[in-house]
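2 protein chains.
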Amino acid sequence: MKFNFSSYLDFMRPSEIRELAKYATSKDIISFGGGMPNPATFPKDRLKEIMVDVLDRDGDAALQYGNTAGLNSLREELVGFLKRTEGIDCAPEDIIITSGSQQALYAIGKLLCNPGDGVITEDPTYVGAISAFNANAIRMHGVPMDGQGVVVDVLEEKVRSLVSKGKAPRFIYLIPNFQNPTGRTLTEKRRQEVIRIASEYGIPVVEDNPYGELRYSGERVRSIRSLDGSVIYLGTFSKVMTPGLRLGYIVAPREVTEKVNLLKQALDLATNSFSQYVATEYIRRGIIYEQIRFNVELYRKRRDAMVRALREEMGDMADFSVPDGGMFIWVTLNNSVDTSRMLIDAIKAGVTYVSGQAFAPNGGHEHSMRLNFTFPSEEKIYEGVRRLRSVILSRAQEAVS
Amino acid sequence: MKFNFSSYLDFMRPSEIRELAKYATSKDIISFGGGMPNPATFPKDRLKEIMVDVLDRDGDAALQYGNTAGLNSLREELVGFLKRTEGIDCAPEDIIITSGSQQALYAIGKLLCNPGDGVITEDPTYVGAISAFNANAIRMHGVPMDGQGVVVDVLEEKVRSLVSKGKAPRFIYLIPNFQNPTGRTLTEKRRQEVIRIASEYGIPVVEDNPYGELRYSGERVRSIRSLDGSVIYLGTFSKVMTPGLRLGYIVAPREVTEKVNLLKQALDLATNSFSQYVATEYIRRGIIYEQIRFNVELYRKRRDAMVRALREEMGDMADFSVPDGGMFIWVTLNNSVDTSRMLIDAIKAGVTYVSGQAFAPNGGHEHSMRLNFTFPSEEKIYEGVRRLRSVILSRAQEAVS
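In order, the protein sequences belong to chains A and B.
For the first sequence, full-length UniProt numbering begins at 1 and goes up steadily by one.
For the second sequence, full-length UniProt numbering begins at 1 and goes up steadily by one.
Hint data in this document are derived by calculation from the structure and do not stem from the laboratory.
Check each hint, because a few of them may be wrong.
To be verified - In silico DMTMM-like links for lysine to aspartate or glutamate, alpha-carbon gap of 25 Å or less:
1) A/380 to B/60
2) B/48 to A/45
3) B/348 to B/290
4) A/44 to B/58
5) A/2 to B/153
6) A/27 to B/76
7) A/167 to B/10
8) A/44 to B/53
9) B/167 to A/10
10) A/48 to B/60
11) B/44 to A/58
12) A/2 to B/117
13) B/27 to A/58
14) A/27 to A/313
Claimed, not checked - Take a look, some chain A residues computed to stay more than 12 Å from chain B by CB distance:
15) 28
16) 217
17) 218
18) 276
19) 285
20) 298
21) 308
22) 311
23) 317
24) 347
25) 398
To be verified - If you want the footprint, here are the derived chain A segments under chain B, 3+ residues with CB under 8 Å:
26) 108-118
27) 189-202
28) 355-365
From the three backbone atoms N, C-alpha and C, an ideal C-beta is built for every residue, glycine too.
Turn these sequences into a full structure, and let the hints guide you.
Okay, here's the thing in structure tokens:
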């Protein structure tokens, strides 16, 4: 049988991150590559208690098909959580539970864009968003970032230029806190500017906030959604509970959630009921707040370790910025080494990362790489950065000789 | 903010079934509407044991992100399960684990069809397939069914006619066992014919087999995939474990699974890891086979109860066929009552069903309805059919008067 595949596949490319995931679990290799939380943060004993209670008390419903929009009690708990953590005012009906926030990205892309339509993203941006948008044949218009996040002047100019050509972007996609991959945080002033631009040109904002609760230093900046109720906000349990239970959510105006609900029926009928019952209790019992405190303490040390290691080992060969939170440090080499080509050498030397090109909506970033500091131990972080240094040095020498 | 939605939405319509799901759990209403397994079949105690063991033994991995293609150990267990139950020979690499088989339907539709392309389906067909295909702007060409399943002569004629117009269908979608909604089973002779037609015209076959293990009478018929390795086979844990853990799978030639893997990265990154660890143990410990035996015994009684009730209460006003398995009986009224218009009266009278139109890929089936017999008790089945009878009678009288 000869299979003829659809032209959507012309836009899809294998994710380097997913390809590398297999190395992340190999014992000899130090992985800075994944975007994985540290399993030490998984509250296994508390989850076990909750799971047993859920089966005893709500087993019939927790194992049955659920509503497409999500479990009502979870949506109610999220209202309180979002108010307390992000200052977001919303009702349970404004929330749709998704199978991870990846599903939310795919759904929003599909619902707001026809094939060939364009969206604004940060440049670099999250590889999962690139994958979701590519799968919907969406064009990405990347806007550069600096230490204060996306450069809003350039963003406005790009929006204006696209609108004037009759190609208005269908939304502006931003990860304002500890951005993936750069670790940078958008200032409040710029958030206000984004809201102004969005309103002036009538372009929806999609705010993706997976890392918001993982702040290790500096002052919290208010979420864009808390400043403007028309923002489409994406959240996830992956970084404050566990990723394996695959729970994310969308907070959006009712006309958007209705459409997401309709599409989600086609995508997977409903999110895992059991995971949703577990997450409900996880918030209700306050474990989520304990866990956030635990994660912040653990990850702050890891971030500090990686920053120290980078300063000591790679201060002479790379630039990087210190993130106030999240999971990643973005490193740009100041030599001509191509991080994508170097990757196989790095794996041989026992260290992985994700090369900058994976995050490039429009190409480039050949000399950058994203390093994850939440998964490896502090000791491994030092050793991994040392390995990275010597791989870079030998590649740089090869280039010269 | 004014949201502009994509034109995919022109093809999507709310599912009557999902809309009705809320009534299914209301105490006063007898639901023949859902496609829900009976919670009495959920092996809660065994699942509790397994979950505790999984957390104790594999907690770190079971709560972490997993591979996009699925947990290797689950795919290995499925190889044995599929061989034993369906006579299917395949390797773990031929299997992709999906977030329920709904995700598989969506992915196969998207990967094999461009918007506007056509596929062949049974008529009537599964509402979730209609939803998945509509969301991808796929045209459905329904082929009528009789007591032996889809009528292959008509199927061949339709394929030939479409091919001659240069509009070859991109695949043939069939639910050969205890079809949803008709409960009918495709004979082995016809399965062989389908394989011949598929091969002759070069059209892939997608075999959806959610109910295969739920046989209450008659002889097992071999799966189409066991007769032809090029078939794309869809399976699910929803009817042999629980639907709430959202696990399905695709068995397909390598070139198809590779593409599914790529798309799934965009759809939701990976299926729930925890559910997959649980399902692995569920097969490994043999509980799945005990559960199938339990379900078959329970559901056979329910089917028999509904058949008896229909014969006694509606023998004079409707035709229906006795399914050898599965979850549904398809009832066609022999009067002019429109089952879709009647639904609100039925709900008021305390009984729900899904009207025939929900399953119509090309319209029609106004006088049919799908009744589920796995969820309600035998007593409720009798009472529900009695309520249905009186609602039909009063609608029929209104129509006359």
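At 12 Å, judged by beta carbons, does residue 218 of chain A keep clear of chain B as stated? At about 28 Å from chain B, residue 218 of chain A clears the 12 Å cut-off, so the statement holds.
Test the statement that residue 398 of chain A is away from the interface with chain B: the closest C-beta pair must be farther apart than 12 Å. holds, 33 Å
Minimum Cβ separation between residue 28 of chain A and chain B greater than 12 Å? At roughly 18 Å from the nearest Cβ of chain B, residue 28 of chain A sits farther out than 12 Å, so the non-interface label holds.
Are the Cα positions of residue 167 of chain A and residue 10 of chain B separated by 25 Å at most? Satisfied, since the Cα-Cα distance of roughly 21 Å is no more than 25 Å.
Would you check whether the claim that residue 276 of chain A is not at the interface survives, using Cβ distances to chain B and the 12 Å cut-off? Check fails; 9 Å does not lie beyond 12 Å.
Taking only the CA atoms, is the gap from residue 48 of chain A to residue 60 of chain B under or equal to 25 Å? holds, 13 Å
Hey, does residue 217 of chain A actually stay past 12 Å from chain B on C-beta? holds, 27 Å
Run the C-beta distances from residue 298 of chain A to all of chain B and say if the shortest one exceeds 12 Å. Correct as stated: the minimum Cβ-Cβ distance to chain B is 15 Å, above 12 Å.
Given the hint that residue 2 of chain A pairs with residue 117 of chain B, does the C-alpha gap stay at or below 25 Å? holds, 17 Å
Compute the least Cβ-Cβ separation between residue 285 of chain A and chain B, then decide whether it is above 12 Å. holds, 17 Å
Checking one constraint from the list: CA of residue 48 of chain B to CA of residue 45 of chain A, max 25 Å. Satisfied? holds, 14 Å
Please count how many residues of the segment 189-202 of chain A have a CB within 8 Å of a CB from chain B and say whether that reaches 3. holds (count 3)
Checked against the numbered hints given earlier, the structure breaks hints 3, 18, 28 and satisfies all the rest.
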